[in-house]
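Asks: Since chain A is already given, all that's left is putting chain B on it; use the hints.
For the protein sequence lines, the chains are A and B, in the order given. So in the working numbering the end of the first sequence lands on 247, straight run, no missing numbers. So in the working numbering the end of the second sequence lands on 121, straight run, no missing numbers.
If you're looking for bench data, these hints aren't it; they were derived computationally from the structure. Where hints are given, some of them may not hold.
Claimed, not checked - Computed list of lysine-lysine pairs in DSBU-like fashion (alpha-carbon distance at most 35 Å, straight line):
| no. | chain 1 | residue 1 | chain 2 | residue 2 |
| --- | --- | --- | --- | --- |
| 1 | B | Lys61 | A | Lys30 |
| 2 | B | Lys28 | A | Lys194 |
| 3 | B | Lys61 | A | Lys194 |
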Amino acid sequence: MKFFNASGTLLNTLTVGALPDMLIFSPNGKWLLVANEGEPSSYNNNPVPSVDPEGSVSLIDMTQSVTSLTQLDVRTATFSPSIPQVNPTSIRTYGPNATFAQDIEPEYITVSHDSKTAWVTLQENNAIGILDIPTATFTKIVGLGFKDHLLPENQLDASDRDMLGSSNNGIINIRNWPVLGMYEPDAIASYRVKGETYLVTANEGDTRDYPPGFTEEARVGALSLDAATFCRPGISRRDHWSNRSAQ
Amino acid sequence: MKFEQAIVGIGLLSVMGLPMSAEAKDSKSITLKQIGRYSAGVSTTPDEPRTEIADYDPASKQLFSINLNLRQLEVLNLSNPESQTLSPVQTVPLASPIAWLSATASSPSRSKALRKQTLER
Chain A
1 MKFFNASGTL LNTLTVGALP DMLIFSPNGK WLLVANEGEP SSYNNNPVPS
51 VDPEGSVSLI DMTQSVTSLT QLDVRTATFS PSIPQVNPTS IRTYGPNATF
101 AQDIEPEYIT VSHDSKTAWV TLQENNAIGI LDIPTATFTK IVGLGFKDHL
151 LPENQLDASD RDMLGSSNNG IINIRNWPVL GMYEPDAIAS YRVKGETYLV
201 TANEGDTRDY PPGFTEEARV GALSLDAATF CRPGISRRDH WSNRSAQ
Chain B
1 MKFEQAIVGI GLLSVMGLPM SAEAKDSKSI TLKQIGRYSA GVSTTPDEPR
51 TEIADYDPAS KQLFSINLNL RQLEVLNLSN PESQTLSPVQ TVPLASPIAW
101 LSATASSPSR SKALRKQTLE R
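Pulled out of the complex, with its shape left as it was, chain A reads as follows:
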């Protein structure tokens, strides 16, 4: 990580965890938190062996002047299966041959008003990690559950081919489908009203798509679907499914 002043002069360089993707100051300015996403290179060993670094969050103590910061001011909070999990069945760890820490991919961070707690989106894992800043440890990993797209308020257009002239011919087709979605948030923010802290997440959704090593993307038309579940009259016959649906 590189530090500059507002004039663009380089002040310092520090090493943090693998593949940092986002960073944020705590409200009191004391801490700088870095989301080290640690995405895999390929999940494939050809032409070079795949590398899957461990996801983590680095915490830099900014009490000193920037120019005097050293690696001693950097702590890194890591992940392990012993961290308590809430809604564990919705926490996704599925990278081929990945350890738990390698599989967790911190994406974005928000910090509490008192600068003591951070909430870290773990996008590919459909979860949020709760980080205790003073001790630089994750105290919980909370699975975000699933979204039932048969509920009236959860309709969606399942096709990604919406251009005029395409096979879908530009038709917007927002309706219920017999599937569960995952939130998989990217950005996260927090705010406080009357003593309660609220988290706001941008639920982008994402897939691991590293062909030929590993991909979880598939067209619905290429999947073997359970006829009883997916061909119920009046809900959605398979031939009504968009062949273009991903995941």
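Replies: Same frame as chain A, but now just chain B:
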């Protein structure tokens, strides 16, 4: 996060029509109007961002953004954002072997704003 757009830039928006009356306070709608734009150019690498997380420093009225393809930190002057097309007032080259540039953040509590950027890979 995935990047499928070829051209990635920064849109500057103003928030209009936030009524101040008590009655209108319950209104859930706001209006956004684009007042300026900065294009970081066409991405040369599929699925990689030209620019991603930018950050604004109110003290210097500057916006800091990473340009991955050009391997540089770009500084935009937003003291007059209503110019439709913006260009960097300063670029800071970032030495190889940096292969990945991602985000910027500025300190909320220091008058001398600090710029960070994450890198590596």
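Asks: Give a verdict on every hint.
Replies: Here's how the hints hold up against the structure:
1. Taking the CA atoms of Lys61(B) and Lys30(A), the gap is about 23 Å. The hint holds against a cut of 35 Å.
2. For the given pair, Lys28(B) sits about 20 Å from Lys194(A) by alpha-carbon distance, which is consistent with the 35 Å threshold.
3. Between the alpha carbons of Lys61(B) and Lys194(A) the distance comes to roughly 32 Å, so the proposed pair stays at or under 35 Å and holds.
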